[in-house]
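Enquirer: One line per chain: the protein sequences are A and B, in this order. With this note's numbering as the guide, the letters of the first sequence map in order to residues 1 to 281. With this note's numbering as the guide, the letters of the second sequence map in order to residues 282 to 460.
Among these hints, one or two may not hold up.
[To be verified] List time: in silico SDA-like cross-link candidates among lysine to any residue, alpha-carbon distance up to 25 Å: (1) B:448 to A:11; (2) B:448 to A:26; (3) B:448 to A:38; (4) B:448 to A:12; (5) B:448 to A:8; (6) B:448 to A:9; (7) B:448 to B:425; (8) B:448 to B:431; (9) B:448 to A:23; (10) B:448 to A:31; (11) B:448 to A:20; (12) B:448 to A:10; (13) B:448 to A:42; (14) B:448 to A:37; (15) B:448 to A:27; (16) B:448 to B:436; (17) B:448 to A:59; (18) B:448 to B:404; (19) B:448 to A:49; (20) B:448 to A:30; (21) B:448 to A:39.
[To be verified] For the chain B half of the interface with chain A, some residues (derived, Cβ under 8 Å), not all of them: (22) 294; (23) 298; (24) 303; (25) 304; (26) 306; (27) 312; (28) 319; (29) 323; (30) 327; (31) 346; (32) 403; (33) 447.
In case anyone wonders, no lab produced these hints; they're calculated from the structure. We put the CB at the ideal spot given by N, CA and C, even for glycine.
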Amino acid sequence: MSGQTDSHPWTGHAASFALDALDAEERAAFEAHLADCATCRADVESYRAVAAGLATVAPAREPPAGLRARIVEDARRVRPIGTRPATPLPDPIVAAPARSPRTTPWRWLAAAGIGAALISAAAWLSERDVRSDLEQRLAELTADASSREAQLAEVRADLAQRDSLLAAVLAADVATTRLAARGQQPPSARVYWNRNRGRVVIAAFDLDPAAAGRTYQLWGIADGTPVSLGLFNTTAGGTATVSLPIDPALEFQIAAVTEEPAGGSPQPTSAPFLVGTISAP
Amino acid sequence: MAAGDDGALAELYDRHGRLAYSLAFGILNDGGEAEEAVADAFMQVWTSAPGFDPARSSVAGWLTMIVRTRALDRLRARRRRGALVDRISVLEGVDVARPSSPEEPDIGAERGELRARVAAALALLPAAQRQVIELAFFGGLSHSEIAEELNEPLGTVKTRIRSGMEKLRGTLALHAAAG
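Produce the entire structure from the sequences given, and follow the hints as far as they go.
Expert: Here it is as structure tokens:
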């Protein structure tokens, strides 16, 4: 109708697109063009209004009497009153997969099989309602995701610790001893000494946590001289599994546990209540 | 407007059910199939946007496009089963000089007025242009299918559709506001 639009090479396509009359190849090419051309998008919209008008000219017919009841009944069966929709109507602007540059909103709409209907739908649904609903859900999902990330990091750290513990305990050259109390009564403990890694792991059992202001201290005794291997405490359940770094050059024949003031002592201040002799790996 | 209120669906049907059924019947020319297409379309509205406001005028346009799509789905399925392309005669049933006859069911004042305007605009088109638009809109045929159906060159079909739609748009003054 106007010289200006006639000069646009795609002008002829908008009317046919609005009627869904383009053949597949032309349709795909025009959809790709629509993503970049506001003129053609406006053209398509105006022709869709024409198409909506065409829908009214079919000769009027009275629908079957039962159709209304059937539709309402079907609706009740599909989704009971008051429940949220499984998939809220997507907002074409917000919901279009923006991350994929090759997938234009138009292609996406066509792929969803909703096409023109969706565009009109977005116009009549309160756009703000849809958007704020989506924004809220996005915020919830984002918060949820970061909380999960934090949890995952914790789990990973925990796993790494266990891996390290297992590696320290399960190596071929690990020396071990069972530490027992006098009379073989509980509590007890087991010590794993990994010379290569310079690590001692102590697993304690049936040992009440040290009193407030007190701690347990593990000693390696070489030729009668105790050297501190580190501090530990048990849980309320009476167990502990603690991995302690030690001087790789350190040699000892006996492992022992004493109770000491918090922070530990340079030399034992009490008699050891758990003692064991290291057996060679 | 409550999400999931089937009262809204019933209201939508009360407002536009006749128009929807008339369109589906116009495309399918079969009462049973038209009924199925309309039921499909209302279910699509219900499941995809249960929060619709049945009183909004643009809902009618949305609904009718869904009805058309569902009806054309059935028409194409019928064609795939080997049925001949039906002679599409929807527009022949519209007396453009008397767009809304008194014995026809009421389709609502607003839609009735639009219908009268569209019918009048169609009356101004050359028959050949009206025919290709009819085959595309009510028959769901593509350019090449229309060319085959009419035994006309593809370019002729394209030009007729474009010219006819431009005239309709101009007559109906439905130019998009944005451009």
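Enquirer: Tell me the hint numbers this structure goes against, listed in increasing order.
Expert: none
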